[in-house]
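These are the residues of each chain, in order.
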Amino acid sequence: MPTAETMHRAAPGANEPASVPARSAASPISLDQVSHDYGTRLALDHLSFDVRPAEIFGLLGPNGSGKTTLFRILSTLMVPTGGHAYISGYDVATHPTQARQQTGIVFQASSLDVKLTVAENLMHQGHLYGLSGRELQTRSKEVLARVGLSDRAGDLAETLSGGQKRRVELAKGLIHSPSVLLLDEPSTGLDPGARIDLWHYLRLLRDEQGVTVLVTTHLMEEAEHCDRLAFLNTGRLVALGSPAELKAQIGGDIVQFDTASPEAAQQLAAALEQRFRVTPVIVENAVRVEREQGHRFLTEVVEAFPGAVEGVSVAKPSLEDVFIQRTGHRFWMDDPAATKPAKERH
Amino acid sequence: MATIAAPVRNAVSTVRTPGLWTPAYSLWRRELVRFYRQKARVVGVIASPLLFWVVLGSGFANTFRTHGAAGADDSHYLSFFFPGAIVMIVLFTAIFSMMSLIQDRNEGFLLSVLAAPISRSSIVLGKVLGGATLAAIQGWIFLVFSPLAGVHADVGGILYSLLVIALTSFSLTALGFIIAWPMDSTQAFHAVINLILIPLWLMSGALFPVSGASGWLRWLMLLNPLTYGVDALRNGLFPAQPTTFSPEVNLAVTLGFCAVVFLGSWAVVNRRTNKPAA
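Heads up: the sequence lines are chains A and B, in that order.
Here the first sequence stands for residues 6 to 351, where the numbers follow this note's numbering.
Here the second sequence stands for residues 617 to 894, where the numbers follow this note's numbering.
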C-alpha cells in the first residue's frame with residue numbers, strides 16, 4: 006500500500022523545481038542507505054556506495070541479490086522504500102525528470118519496436134528526450150555510426166541479429182548524450198564476438214566522452230572488464246573495489262581440498278585450523294584455504310592427513326573466490342534454478 | 617522547450633525537457649506506422665464488420681419478417697444495424713490497438729518510454745490518440761457503405777456523424793487503455809473484452825432499440841454511455857427516423873463519456889509507487 010509519503014513522492018513532474026542544488030556533485034551515481042522492501046522480502050538492505058565519474062562500474066551478484074531492484078530504482082521505474090539514490094546529484098525519487106535527462110538506459114529486455122526501422126526507433130527515442138528536427142537527424146546518424154550500423158538505418162528492426170539489436174539499444178540509450186549509462190545484463194543472449202564489441206563500445210564511451218557506465222551482471226568474466234565492482238548478496242554490499250584490489254585482498258593462492266562428504270570436510274577443516282592456524286571455508290564437500298605458496302602447503306596437508314583428501318587444486322584467486330570468502334557460499338548456491346553462465350552460451 | 621540548468625560533466629550532453637506534444641506525437645505516429653505495416657490487421661478490421669453487418673443484418677431482417685413484421689423489406693434491418701456496425705468497427709479497432717499496450721509492456725518497449733523524462737500524460741495522449749485515430753478512420757471508411765444502407769443524410773448529418781465517430785473512437789480507446797494498463801497478459805484482456813466490452817456494445821442499441829427492451833435491460837441500456845453514441849449516429853445518418861434521444865442529449869453524453877474515460881486513463885498512468893513500474 007502506498008503511504009502518504011509515497012503518494013507525495015509519486016506526484017508527477019509538475020511540481021518539481023526546475024533547478025535543484027546538486028548533492029555531492031562529484032558523484033554520477035550515489036547511494037545513501039538505499040533499502041527496498043517488497044513487503045515479503047527485503048530486496049535491498051541499507052546499501053551505500055558512490056560511483057566515480059567516467060568509470061565502468063559493475064554491479065555483480067547472483068540472481069536474487071537485489072541488483073535488478075537497484076537497477077529499477079536507478080532507472081526511476083520504482084521508488085525505494087528507504088534511503089536515497091542520486092544520479093548526478095538528483096534524487097531519483099523526488100526529481101525523476103532531471104535524473105532521467107542525465108541517464109541513458111539499456112534494459113535487459115529488448116525495447117526496440119521491431120515493426121519500425123532502426124532510424125525510426127532512434128527518432129522516436131530522440132523525441133522522448135526532447136530532441137527533434139535536424140539536430141535529431143544528425144544525432145541519430147552519429148550514434149548509429151558509433152555502433153557501426155549506419156548501413157542498416159533503413160531496415161526494420163526485426164531483420165537485425167541479436168547482437169545488432171543490442172547495438173541499436175545502446176545507440177538508443179546514447180541518443181541524448183547522457184552522462185550516465187545504465188545497462189542491465191547487457192551481454193545476455195550475445196555471442197562472444199558481440200560481447201567483445203559491446204565492451205569495446207563501453208570503453209570508447211568512457212575514454213572519449215567521459216560517460217560513467219554502470220553494468221549489472223551475473224557473469225564473473227564480464228565483471229573482470231569493470232574498473233570497479235560492487236558485489237551484492239541478499240541485498241547487502243559484500244565487497245567493493247577494482248577486480249585486482251578485490252583479488253589482492255585474498256592472500257596468495259586458493260588451495261582447495263575435495264573430500265568424500267560434507268562431514269569429512271568439517272573434520273578436515275577443523276584439523277587444518279588447529280594444525281596450520283588457517284581459517285578454512287567449507288563449500289559443500291570441499292575445504293578452501295587461502296595461503297601463500299599454495300603448492301608447498303598442499304603437499305604438507307596431503308602428507309599430514311593421508312586419505313582425508315580426494316582431490317586438490319591450487320589457483321590464483323578469482324572474483325568467485327572473493328565472493329566465497331565474503332559470503333561463505335558459492336556464487337550460484339542460493340538459487341540452484343538460476344541459469345549458470347556455462348549453460349547460457351548456446 | 618526549456619533547457620534546464622543541471623550539473624553536466626559531459627560537455628556534449630543535451631539536457632532538455634521534452635514538451636507534452638513531441639513525445640505524444642511520436643507515440644501517435646508509431647501507432648499508425650505499426651498499423652499499416654501489418655496488412656492483415658488492416659484487412660481484418662475492415663472486412664470483419666462488413667461481414668458482420670451483411671450476415672447478421674440480413675439474417676435478422678429475414679427472421680423479423682417471418683415473425684410477421686409485414687411489409688418490412690430486407691434493407692430495413694440493414695439500415696437499423698448500420699450505426700451499430702460502425703460502433704462495432706470502432707470498438708474492434710480500439711480493442712486491438714490497446715492490446716498493443718500489453719505487448720509493449722511485455723516486450724520492454726514501454727520500459728524505455730516510462731524511463732524517459734516525459735510526462736506520463738504524453739504517454740496517454742500519444743497512445744490513446746493513436747488508437748482513436750485508427751478507430752475513427754476505420755469508422756469513417758465504413759461510412760462509404762452508407763448508400764447501401766439507405767442512408768439519406770444531409771451534409772450536417774454527415775459531419776455530425778463524423779464527429780460522433782471520432783468521439784466514440786476516443787472514448788473506447790481510452791477505456792481500453794484503462795483496462796490494458798495494469799495488465800500483463802493478453803489472455804486476461806480477452807476475458808475483459810468478453811465480459812465488459814462486447815456486452816457494452818450488445819446493450820448499446822446496436823442490435824435492438826432501447827424501446828424494444830424492458831425492465832432491467834432497459835435500465836442497463838440507458839446507463840450505457842455507448843447507447844447515446846449509437847443513437848447519435850442514428851440522428852446523423854437517418855434524420856427522418858425518430859430516435860430515443862435528441863441529438864443534443866446524445867452529443868452531450870458522448871462528450872461526457874470522453875472526458876470521464878480520458879481522466880480515468882490519465883489517473884491510472886500517473887500512479888508511481890514502490891511497486892515495479894513494468
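Source of the hints: derived by calculation from the structure; they are not laboratory data.
Hints are supplied without guarantee of correctness; some may be wrong.
[What the hints assert, rightly or not] Covered stretches of chain B (chain A as the covering partner; in silico rule of three or more C-beta atoms under 8 Å from a C-beta of chain A):
| hint | stretch |
| --- | --- |
| 1 | 633-640 |
| 2 | 650-656 |
| 3 | 715-726 |
| 4 | 731-743 |
[As the list claims (entries may be wrong)] Here are some chain B residues pointing at chain A (derived, C-beta under 10 Å):
| hint | residue |
| --- | --- |
| 5 | R645 |
| 6 | R646 |
| 7 | L775 |
[Stated by the list, open to error] Keeping only pairs whose Cα atoms sit at most 25 Å apart, straight-line, the calculated SDA-like set for lysine to any residue is:
| hint | chain 1 | residue 1 | chain 2 | residue 2 |
| --- | --- | --- | --- | --- |
| 8 | A | K120 | B | E723 |
| 9 | B | K655 | A | A124 |
| 10 | A | K146 | B | G635 |
| 11 | A | K146 | B | V649 |
| 12 | A | K252 | A | G316 |
| 13 | A | K120 | B | T802 |
| 14 | A | K252 | A | V319 |
| 15 | B | K655 | B | R736 |
| 16 | A | K146 | A | D212 |
| 17 | B | K655 | A | D160 |
| 18 | B | K655 | A | K252 |
| 19 | A | K252 | B | R645 |
| 20 | A | K252 | A | E297 |
| 21 | A | K146 | B | M715 |
| 22 | A | K120 | B | G724 |
| 23 | A | K120 | B | L745 |
| 24 | A | K146 | B | Y641 |
| 25 | A | K146 | B | E647 |
| 26 | A | K252 | B | V869 |
| 27 | B | K655 | A | G159 |
| 28 | A | K120 | B | Y641 |
| 29 | B | K655 | A | R157 |
| 30 | B | K655 | A | E297 |
| 31 | A | K252 | B | R650 |
| 32 | A | K120 | B | N722 |
| 33 | A | K321 | B | Q719 |
| 34 | A | K252 | B | M715 |
| 35 | A | K146 | B | I662 |
| 36 | A | K120 | B | V658 |
| 37 | A | K120 | B | V649 |
| 38 | A | K146 | B | R650 |
| 39 | A | K120 | B | L759 |
| 40 | A | K120 | B | M715 |
Using N, Cα and C, we set each Cβ at its ideal position, and we do this for glycine too.
- Query: What hints, given by number in increasing order, does this structure fail?
  - Reply: Failing hints, ascending: 7, 15, 18, 19, 21, 26, 30, 31, 33, 34, 35, 39.
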